[in-house]
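Protein chains in written order, with this note's numbering: chain G, -15 to 246; chain U, 34 to 352; chain X, 121 to 372; chain V, 10 to 423; chain C, 19 to 410.
Just to be clear, a hint being listed does not mean it is correct.
Said to hold, decoys possible - Calculated pairs, DSS-like style, for lysine-lysine (alpha carbon to alpha carbon, straight line, at most 30 angstroms): (1) U:K229 x U:K123; (2) X:K269 x G:K184; (3) G:K82 x X:K269; (4) G:K82 x U:K229; (5) X:K269 x U:K229.
If you are wondering where the hints come from, they were derived from the structure by calculation, not from laboratory data. Keep in mind it's a predicted model, so treat the numbers as computed, not measured.
Spelled out from the first residue to the last, the chains are:
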Amino acid sequence: MSEGALPKEDAVLRVDDLQKSFGGLAATDHATFAVERGTITGLIGPNGAGKSTLFNLISGFYEPDGGTVEVNGTDVTGLEPYEVADHGLIRTFQTPRKLEGMTVREAMLVGPRNQPGESFVKLFATPGAVAESESTNLAEAERILEEFEIDHLAAQPATDISGGQMKLVELARAMLAEPEVLLLDEPVAGVNPTLAKKLKDQIRRLNEQGTTFLLIEHDMEFVMDLADPIVVLDQGSVLTEGTPEGVRSDDRVIDAYLGGGT
Amino acid sequence: MTVLGYLANGLVFSSIIVLGSIGLSLVYSIADFANFAHGDTMTVGAYAALVTFGAVGGLGGAVLGLPYGFFLALVVGIAVAAVVAVGTEKLVYEPLDIDSIGLLITSIGIAFIYRAVIQIRFGSDFTRYGIQPLRPIEALVPYGVRVTLHDVAIVGSAVVLVAGLHVLLQYTDLGRKMRAMADNPDLARVSGIRTKRVKLWTWVIGAGLAGAGGVFLGLFNQLSPRMGFNLLLVIFAAVILGGIGSVYGAMAGGFLIGMINQLTPFFSGVVDSLPIWPGWLNAALESLVSIEYANAIAFVIMVAVLLVRPNGIAGEGAT
Amino acid sequence: MSDDTTRPAGAADGTDGVDPVLSLSNVDSGYGEVQVLDDCSIRLDPGEIVCLVGPNGAGKSTVLKTAFGMLTPWTGTVEYHGRDIGGMAPEEIVREGIGYVPQTDNVFGSLTIDENLRMGGVARDGGLDEVIETLYDRFPIIDRKRTAKARTLSGGQRQVLAFARALVMEPDVLLIDEPSAGLAPNTADEVFEDVREVNDMDTAILMVEQNVTKGLGISDRGYVLDQGTVRFEGTPEELLNDEEVSQLYLGG
Amino acid sequence: LSTTDDGEDGSDGSDGSDGSDGSDGSDGEDGSDGEDGSDGGDAGPYEIGMVDSLTGSLSAFGERNQRGVELALQRVNDVGINGRELDLIVEDSESENQGGIAAAQKLVNQDGVPFLIGAVGSGVSLAIYESVVQDTDVVQLSQNSTGLDLTNFPGLLRMSPSGRSQSLALADIIADDGYDEVAITYVNNDYGQSLTDAFVNAWDGDIAYNNPHDQEQQSYSSVVSEMNSSGADAWLFITYQAEFATMVNEVYSSGYEAQFYGADSVSGDNVIENTPEGSMEGMKIVVPSAPVEEENYQAFADAFESEYGQQPTSWAAYAYDCVINAALAVQAADEFTGSALQDTVRRVSGPDGEEVTSFEAASQILADGGGPDDVDYQGVSGPIDFDENGDPVGFLQVLEVQDHDYEGIDFVEG
Amino acid sequence: MSLLSDPEAAIADLSRPEKWVLGVSAAFALFLLAALLTGALGPTYFLFLVGLAGMYALLSFGLNAQWGYTGLINFSVAAFFGIGAYGSALMTADSSPIAGGFNPLVGLVVALVLAFVLALLIGIPTLRLRADYLAIASLGLAEVVRLIVLNERWLTNGSAGVRGIPSFFEGWPVLSTFPETMPGLRLVVIPGSPILLETSFWRASLNVLLVLAFAGATFLVLRRAHQSPWGRVLRTIRSDEDLARALGKNTYSFKMQSFVLGSLIMALAGVFYTHLNLYVGPGDLDPITTFYAWVAVILGGSGSNRGALFGGIVIVTIREGTRFLNDVALPIDPAPLRLLLIGVVIVAVMRYRPQGILPPQRELIWPSAVDDAGSDPPASGVREQKGGGDDE
Ligand SMILES: Nc1ncnc2c1ncn2[C@@H]1O[C@H](COP(=O)(O)OP(=O)(O)OP(=O)(O)O)[C@@H](O)[C@H]1O
Ligand SMILES: Nc1ncnc2c1ncn2[C@@H]1O[C@H](COP(=O)(O)OP(=O)(O)OP(=O)(O)O)[C@@H](O)[C@H]1O
Ligand SMILES: [Mg+2]
Ligand SMILES: [Mg+2]
């Protein structure tokens, strides 16, 4: 069952024998794999295979029925999401989260972690530091929005944008958090191909700067181009793991996932 | 009084609460706001029945110690409450373009208006239906149960109404449409559900039941312009306890709250007789579990229940 | 702006003399005071599959919402079989024979799969059970979860359910917003296959897709929308082979 | 702009009937201001204020008050005061402190009334006194408050006698009837609490049950069943009519039997109308009253009956007397100011002077050149005669329910 | 409403609803001024109303910090208000059954500490759970607190209430005797209707001073806190708590901070109330206060500090202004009529208020950062800076 779990030298994220069931359904079934530092690891699998569930388990949103999650060598199993995030792991959501009553710009600025201005005391004790970090964050936010070609939306209410734009905001915000590991749940579903291409470059660039990615995506062109290795999940457990070419030509993967068309 | 007796009293009182809480819950889930005018809708029903009963009086024979005229008045009370609610929806709520908390505030205004109109028309003093109160049913007294035929009629009618609602929700499409609307009104329209119509039906049912609750409350106790409003907090507690937006939850919650409310003396008896060890704790408990804290006890129990069943007793409500 | 291989926007020159089933003519539309569509004209002929493509925020979803009465056109007309339906309420449009699958929030989370499908058929006169059984046969992915609440479905499963829900009415025209978003490649293929099949049963389909290759692949015609205006219109081959279009919009 | 030195030094003209002379000089100015403010020359009406429970939990009492007020205003304005009318500005307390204080603030500081009738609940009356009236020379006369605490505030007058005398009387009556054990339930507010405390002090026997109940509950069946379980045969109710009527009905339909006793506020036509025949038979209630057979009460009752089609309640009578007493105070005073009224309000109904039973008669004496001490207005609710604490001399009547109606069986002097 | 240096530009900069509100407010202020000058409105009474408005503004500030910022549904506004009122009253009043006679400042501190403890007691078990827990628990809490105050006579005097409360400035130098030492003034603006300013007027002015100090300080603190990353996290929680958690925010701690902050402000309103009315009773814990605080916050626009202030004023206008409508002689019973009017006004405001009366749609970004970054500041984001802070 864990045949894909090759020993990793420097795993930034390690999932070991993770289990989670809903009612009778084992959404995650003894899943074991590791994400090596510096990689862009793809996570693919049929609809309902348990990919998003796995994200929820890793990031602390679900409490696993069994197994462990390690981030940077620390056991984070059962921690609160914010504690997991403190260890440098940030995730995005498959269905974009709408921030009612906020502009896109504000919604972006929630991203950076440990802002001095998030402490009530510091607001009054060291307003200078707050202002400074706020300026930096603001500039950074505007820069990323520009790169994502949505800077014109900055002052728009975050709920009044198109479906694809929401996905972009979600991704851009996660980047602002400057995580060590970024878990992306279908970042380009619904994103225009031309823009998706640019995002690909973005991710690659961030990766070169040291961010590790774990990426769920059904757009084969996108994953196969970007990710190496690729983990294939089926019915809650790891079906196989390998290079894009290897996975692409694996019969079981073609059967369960890719289908004849690709 | 025996436990059985307290339970019987609780049953009667719960029947009224249940009628109120179902409507509140329905409106909450379909029209998407906590209707603070719901208690006063009960009052509207009660007074409409008062007028009708005054006009027709002890028409014909009697069932369960209640003249036929009373049942006619009950029907009119239900109808008037429904009509008033539908009118309010059409005139006030529908044209509004605000979120649910805005609707909530509006409903506070509506509640004031209902109450004021009733007070202008009927004065603020209390009154009763001109029906001779009954003595307890002799056969039950030896068991410590002291209920009258009227109480039986209240419970019976409530059961009939609740059963009718159950059939309506379960065996007609309306119930499903209501749930669909509660879930996602836009998608409901996209699916072809005529949401305005469903909403009107919701008001008819919810307010109708409230009207019935009001009439029974008048029979059980008395009528005054503040009667429904005074019950509102308890009804809210029942709805929350049952799981907001769940009709069956509201039934269960109403039942439980009504029971707890009537059982306080029993609880205090239990506390008195328990050998609670640190003396001060015993004393504190004895003074706290007493009749003046009846409502507080109901709330504490409600919170305790919720800690065990976080989504209300009915499980998941429509969120 | 346009070149030889593609016809310029709005030049709907009475394609083969057939009357369109659904047409938007010179429509302006938007949300509140924000204009999104700007003089937008789109037609759907009987039996066609038409694919709308374009950047995020171009107004593709807005076209569908305007056609389906979720938004009222500010100017211009929406015609269905030659009748103006602009501004008619969605619940009535469903009864006219148009179906719609929204892009987001497209299932009733607190209802079971079965109830979701039943809700899709509230405007039907009869034969509901049969249709639903057929749909279960066609989409085993949801057949397995009939009594599960829709909110527990995975993203892809939801998409399938939403599609099936719209089919319960056996509509004449189907508007679909990004049917393949979030679907596994094989499931996406199946859905496109289904779209084809539904189309074979004489349902005209207007579809928004970001998976341009596959989307255009099954379509008869395509429109490229940008900033609320139709920039290009043509057959899939024409659009895919056009350098500019492909570069700017199709990620080629 | 000019500086006035208004006589704060007249501290309170309330502790004696003669303590106001010192402040006359400066108040002359106030007097004319008051009139200017109330948009009238000499022909304009005298404006006084009233805080009443028109809405909220005591609104039924407010309604009863208003009937008495209306009748009294008719009486007064049929005759007139120095050729002018009396105008009563009524503000709603919503039966709450906050509302009551706001109402009084408006009346005193906005409308500038020198005479304030108010309020119903003892708590609200005191709240108004402490936060609005205390440091001014405005006269406050509460129409309905029977709470014992008011006695400690001599500046706060009231028309209804302190509940203490009722409590003492009740203790005597119950003991005389041969009971040595009693179950008490009282409404959980200042009124219920203080009357019960006084009763408990005066009562030598056992108390089997003594618990408060909240107002406006939809069911009191647990209360009555606990009273029943307590084993006492004498049950004392210190509560309001609506609550009491509910309890009687619940006692009746539970089949309990006991001898009932009650304080004044459980009596009323509405209780009789809304309880079954025989359910309260033999109940004894102590109510403050003027001796009922007296002609002025009869005249009042007849007028009330013909106006409203029902017997007056004591609350209507109190409010009636408040207005008449105020009107007489206004007529007897040299000027329309608080300090002048402080002086006359006690004297026109005080024991000195000729006993009269109507406004018309009293007004006549004053018009004929009589001073405030030449008149002793006898109210329809009693002889009034405020004592040094601002409480009236109460006459109590003992009522017994016979054939489902109240019959006076005895008088007790307060 | 001073719009500082450049009024014209500032006005031009306002959004439509803001102009509307500004216009109406200005007209209302003029009306009040005229009424005051002509003697139609008694100055002492007016100051009392201002005090009340300040009190409601404080309550709505408090609720706004909970509901408006974070989406915490608190149905026990009256309880925190009551705790503040009783806390101070029991420490200072001479009739207090437990302590009494302390300086009102001690009362203030005790009241705040009590509110703090109570907020923790209810927050700790409920804030970790689903959102409506707080709604339920607070609904119950309000009732429990009210009943305890009503029934525990050894602690609170029970239904008799606490009286003999000194004014807030009792024992302060100068201020404690200020009202008595001020001469009575007589202003004649319109001949024949002089305006009298006497002791009660000066006493009322002190109260207004106090409430302005309370509300002003609260406003400043809230404004800084709200327009900051802190406030932004709260708004994120309000909209989607999961998202905030995913981004590494300790939402439990943030919710607790917001809850405690709001509760303290409500208690502050209670402290003011105590020294305004000099009497507190169990009736002051009536849920109606919670009602009105909610109405104020919603009318003003949830999440907006200026809105909360505005809401407080509107409530007083609705509640006390309707008293004047009784002066119009009508053939019906005036009392329920006022209730009716309050109802109609509430409905009408909800119906006809221009969308987003003082909308909360302020960008929650540290103001100076917007300038520093040199990015084009969104019109709405900085506006609060320019005009908003100075609404009276
Ligand atoms: N909260 C839940 N309760 C019950 N079942 C759930 C829940 N969440 C997920 N499931 C079930 O677990 C399975 C895995 O779901 P998951 O969302 O992880 O799939 P996925 O791999 O992300 O699919 P997709 O690619 O379609 O998003 C599905 O069958 C789904 O129905
Ligand atoms: N509810 C709304 N209120 C206001 N503006 C909106 C709303 N929804 C969308 N918009 C705006 O309308 C424009 C068009 O949106 P639309 O959803 O039609 O885009 P789309 O072409 O479907 O994009 P996508 O491919 O990303 O789904 C966008 O710029 C968006 O910001
Ligand atoms: Mg998924
Ligand atoms: Mg779209």
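Here is what the structure says about each hint:
1. U:K229 x U:K123: 10 angstroms, holds
2. X:K269 x G:K184: 35 angstroms, violated
3. G:K82 x X:K269: Since the Cα atoms of K82 of chain G and K269 of chain X sit roughly 22 angstroms apart, the hinted pair holds (cutoff 30 angstroms).
4. G:K82 x U:K229: 27 angstroms, holds
5. X:K269 x U:K229: Within the cut-off at roughly 25 angstroms; holds.
Violated hint: 2 only; the structure is consistent with all others.
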